[in-house]
Amino acid sequence: MIKAVKGFRDILPQEIPLWRRVEEEARNLFEAFGYSELRIPVLEKTELFKRSLGDTSDIVEKEMYTFQDKGGDSVTMRPEATASMARAYLEHALYHSDPVGKYFFFGPMFRHERPQAGRLRQFHQLDVEAFGYLSPSLDAEVICLLDTLYRRLNIRDLTTLEINSLGCRECRPRFREALLEFLDGVKEALCPDCQRRRERNPLRVLDCKEKSCQEVLQDAPDISQHLCQDCQEYQGQTLAYLDSLGVEYTINPRLVRGLDYYTRTVFELTTTHLGAQNAVAAGGRYDDLLKQIGGKDIPSIGFAVGVERTVMLLEKRRDLPQGTPFHCYLALLGGEATKEGFNLAQKLREKGIRLEMNHQPKSLKAQLRRADKIKAPLVIILGEEELAKGTLIVRNMAKGEQEERPLEDLEGLVGYIKKEVES
RNA sequence: GUGAGUGUAGCUCAGCUGGUUAGAGCACCGGACUGUGGCUCCGGGGGUCAGGGGUUCAAAUCCCCUCACUCACCCCA
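So for the first sequence, our numbering puts the first residue at -2; every next one is plus one.
The set of hints was computed from the structure by calculation and includes no laboratory data.
Backbone N, C-alpha and C define an ideal beta-carbon position, used for all residues, glycine too.
Each hint should be verified, as a subset may be incorrect.
As the list claims (entries may be wrong) - Within a straight-line C-alpha distance of at most 27 Å, the following computed BS3-like cross-link-like pairs (lysine-lysine) qualify:
no., residue 1, residue 2
1, Lys386, Lys416
2, Lys293, Lys344
3, Lys206, Lys59
4, Lys336, Lys313
5, Lys293, Lys336
6, Lys293, Lys42
What the hints assert, rightly or not - Listed next, with one range per pair, are the computed distances between beta-carbon atoms:
no., residue 1, residue 2, range
7, Asp240, Arg111, 51 to 59 Å
8, Thr269, Ile371, 35 to 43 Å
9, Gly409, Phe339, 55 to 63 Å
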């Protein structure tokens, strides 16, 4: 049997209500905060991701779905949305019509990783980007948006918000130097992974999970001590805005993000409820990215929400939303009644009744059993007897009562069904 | 890419140190109740025991290989 590709999965009907809950809550909230939906393509030129994520990042080095299209171009299925959003923003010169561009996106991302709990090769992100302003109140607003989303979803208490500043193009390199110097002195004591990180992305050594590394790092330089005056003030103001809103967060000077393009404010929403994958949403400021991919020098900030992981948190709650219920089930007995019922079903559906009908010659018992299974509150019974009399039976399943009504009175029937379903 | 674990019905699993027709619960279909659901009782369909090879009189069970899935490392949402 042909099965789905590894790391790619179906989202079955019973899971859909939770997905819709997340999507709808997010859309409403994003729009309330002034963001417009912008839909980006699945495929981009490979170059876009190489330039934005950095050549040495794991995503670019080994996780991208990259191939040659028929024209010979190297193209890549997007592993994240920010680069594409920035590209679209620049390509359409949206900065001409408005100094600040606030956009959101929802869709699948692709990374060729080994799947495990909370990690798939095709996964979904909700993505929020604000292009144009370098302003602490904007940073605080973006973080507050994320905080509000999880409070609305009633899972904020399952998460922790961590914030840090990575510095700007002035002070970040200086910190990097200081860190490299320190790591050079202790390199023997580092785990093999950190030996490698030291070469490729030294900041990443800071959040190594290895206990021995964390001990060695006790005396590592602290980024907050290396921030320039501007960055320090910027972070101070951002945090002050968050404090004034009462957003709960912790400052984590060891928080570094995996992607190269981040500057200044970075943040992560993590959880301990999802196995080894603890990041639920994450983002930060990327003031140099737009220039890096060949555009104008426009400061920006954004974040991405892992939808599967968020849905998994929602599943921790017992108040799961149900799917859309039916109004009624149409049970039919006999060939003539089936023909008549087929037309009746369409008439009722045109009137807005959510109706499922029987399609196979089955006993009334079997049809009622199915009506019960799909939780239809009402069953319309139309058999040869009713047809002969020009009537039909409407049965209220919860009450176990039923009444006979004239077949011709469609308006009356619709009104009756709606009234019964309400009660 | 590395490591570990697990593969028996649609789902969750039992099947002891090899022993005859491979089981249960749930789900599905039907009957008891010829046209009235849920509860109960009874019955039914559904399995190349992941695949291949080996050991043996005999393999779901032991050995080897392959594949798949899961978890973890790595990385990240």
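The hints, checked one at a time:
1. Lys386 to Lys416: 25 Å, holds
2. Lys293 to Lys344: 58 Å, violated
3. Lys206 to Lys59: Holds. Lysine 206 to lysine 59 sits at ~22 Å (cutoff 27 Å).
4. Lys336 to Lys313: 47 Å, violated
5. Lys293 to Lys336: 66 Å, violated
6. Lys293 to Lys42: Holds, at roughly 19 Å.
7. Asp240 to Arg111: 51 to 59 Å: 41 Å, violated
8. Thr269 to Ile371: 35 to 43 Å: 38 Å, holds
9. Gly409 to Phe339: 55 to 63 Å: 21 Å, violated
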